[in-house]
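Colleague: Please take these sequences and the hints and turn them into a complete structure.
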Amino acid sequence: DTEVTQTPKHLVMGMTNKKSLKCEQHMGHRAMYWYKQKAKKPPELMFVYSYEKLSINESVPSRFSPECPNSSLLNLHLHALQPEDSALYLCASSHQNRGNYGYTFGSGTRLTVV
Amino acid sequence: SQKIEQNSEALNIQEGKTATLTCNYTNYSPAYLQWYRQDPGRGPVFLLLIRENEKEKRKERLKVTFDTTLKQSLFHITASQPADSATYLCALAPGPYGNNRLAFGKGNQVVVIP
Chain A
1 DTEVTQTPKH LVMGMTNKKS LKCEQHMGHR AMYWYKQKAK KPPELMFVYS
51 YEKLSINESV PSRFSPECPN SSLLNLHLHA LQPEDSALYL CASSHQNRGN
101 YGYTFGSGTR LTVV
Chain B
1 SQKIEQNSEA LNIQEGKTAT LTCNYTNYSP AYLQWYRQDP GRGPVFLLLI
51 RENEKEKRKE RLKVTFDTTL KQSLFHITAS QPADSATYLC ALAPGPYGNN
101 RLAFGKGNQV VVIP
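As they're listed, the protein sequences go chains A and B.
Counting in the numbering used here, the first sequence runs from 1 upward without gaps.
Counting in the numbering used here, the second sequence runs from 1 upward without gaps.
Everything labelled a hint here was simulated from the structure, so no lab data went into it.
Accuracy of the hints is not assured; some may be wrong.
[Said to hold, decoys possible] For lysine-lysine, the following DSS-like pairs were computed, each having C-alpha atoms within a straight-line distance of at most 30 Å:
| no. | chain 1 | residue 1 | chain 2 | residue 2 |
| --- | --- | --- | --- | --- |
| 1 | B | Lys3 | B | Lys71 |
| 2 | B | Lys63 | A | Lys9 |
| 3 | A | Lys40 | B | Lys63 |
| 4 | B | Lys71 | A | Lys41 |
| 5 | A | Lys9 | B | Lys55 |
| 6 | A | Lys53 | A | Lys18 |
| 7 | B | Lys63 | A | Lys22 |
| 8 | B | Lys17 | A | Lys53 |
| 9 | B | Lys63 | A | Lys53 |
| 10 | A | Lys22 | B | Lys55 |
| 11 | A | Lys18 | B | Lys17 |
| 12 | A | Lys9 | A | Lys19 |
| 13 | B | Lys17 | B | Lys59 |
| 14 | A | Lys40 | B | Lys71 |
| 15 | A | Lys40 | B | Lys57 |
| 16 | B | Lys59 | A | Lys53 |
| 17 | A | Lys18 | A | Lys38 |
| 18 | A | Lys53 | B | Lys106 |
| 19 | B | Lys3 | A | Lys53 |
| 20 | B | Lys57 | A | Lys18 |
| 21 | A | Lys19 | B | Lys17 |
| 22 | B | Lys106 | B | Lys57 |
| 23 | A | Lys9 | B | Lys71 |
| 24 | B | Lys3 | A | Lys18 |
| 25 | A | Lys22 | A | Lys53 |
| 26 | B | Lys3 | A | Lys41 |
| 27 | A | Lys22 | A | Lys38 |
| 28 | B | Lys63 | A | Lys41 |
| 29 | B | Lys106 | A | Lys41 |
| 30 | B | Lys59 | A | Lys40 |
| 31 | A | Lys19 | B | Lys59 |
| 32 | A | Lys9 | B | Lys106 |
Modeller: What follows is the structure in structure tokens.
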């Protein structure tokens with residue numbers, strides 16, 4: 001299995017809702033990432049998990065809450081989002097959190113906040 | 001401030017020709033430079049990685065060069081095909097150690113005309 005699987009593919013949520021994005025990989029990768037991408041912009045790093053521990057939080061607002069239940073799963077819990085949070089949310093994994101490994105990305109969750 | 005610059009104008013190229021993309025960076029000292037392909041609405045796909053002490057790397061019809069003096073990487077697609085039409089992203093990693101923040105350029109769109 002050489003894929004990162006993200007669910008759901010599309011999500012529409014109200015500003016008062018709570019929802020979660022899920023990401024799964026079975027490649028034995030020990031680093032997992034959340035990126036946010038707006039249209040015509042580069043992916044922007046949000047969180048890095050290394051060996052199931054949060055190692056980087058890029059000053060992301062607390063309405064985004066990551067969780068890594070085990071080495072194969074990564075969740076992003078969403079609460080009280082704003083319309084400007086609408087974007088493509090990408091999960092990625094790599095062998096380790098080192099620059100000499102390429103990342104495997106999922107297809108993303110297209111999030112719309114209404 | 002740190003910048004990764006890629007040409008914002010789309011590159012239109014005739015099938016069979018070589019497409020050449022440029023990635024320039026400032027205020028980075030990357031040990032690794034990576035290239036990704038991204039199709040609309042999909043996650044980036046890892047293509048190639050080149051180390052700071054490597055001048056050139058090849059993979060099938062792809063070639064990447066890395067000039068740390070010029071702070072520039074060139075990405076070539078030889079014998080281009082319509083299926084190569086996509087956005088190509090340059091990404092920099094600071095080093096081989098942990099706590100890496102892979103940062104992406106905005107990407108350069110390539111359109112291969114049959």
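Colleague: Hint compliance check: list the failing hint numbers for this structure, sorted ascending.
Modeller: Hint check: 2, 5, 7, 8, 9, 10, 11, 16, 20, 21, 23, 24, 31 fail, others pass.
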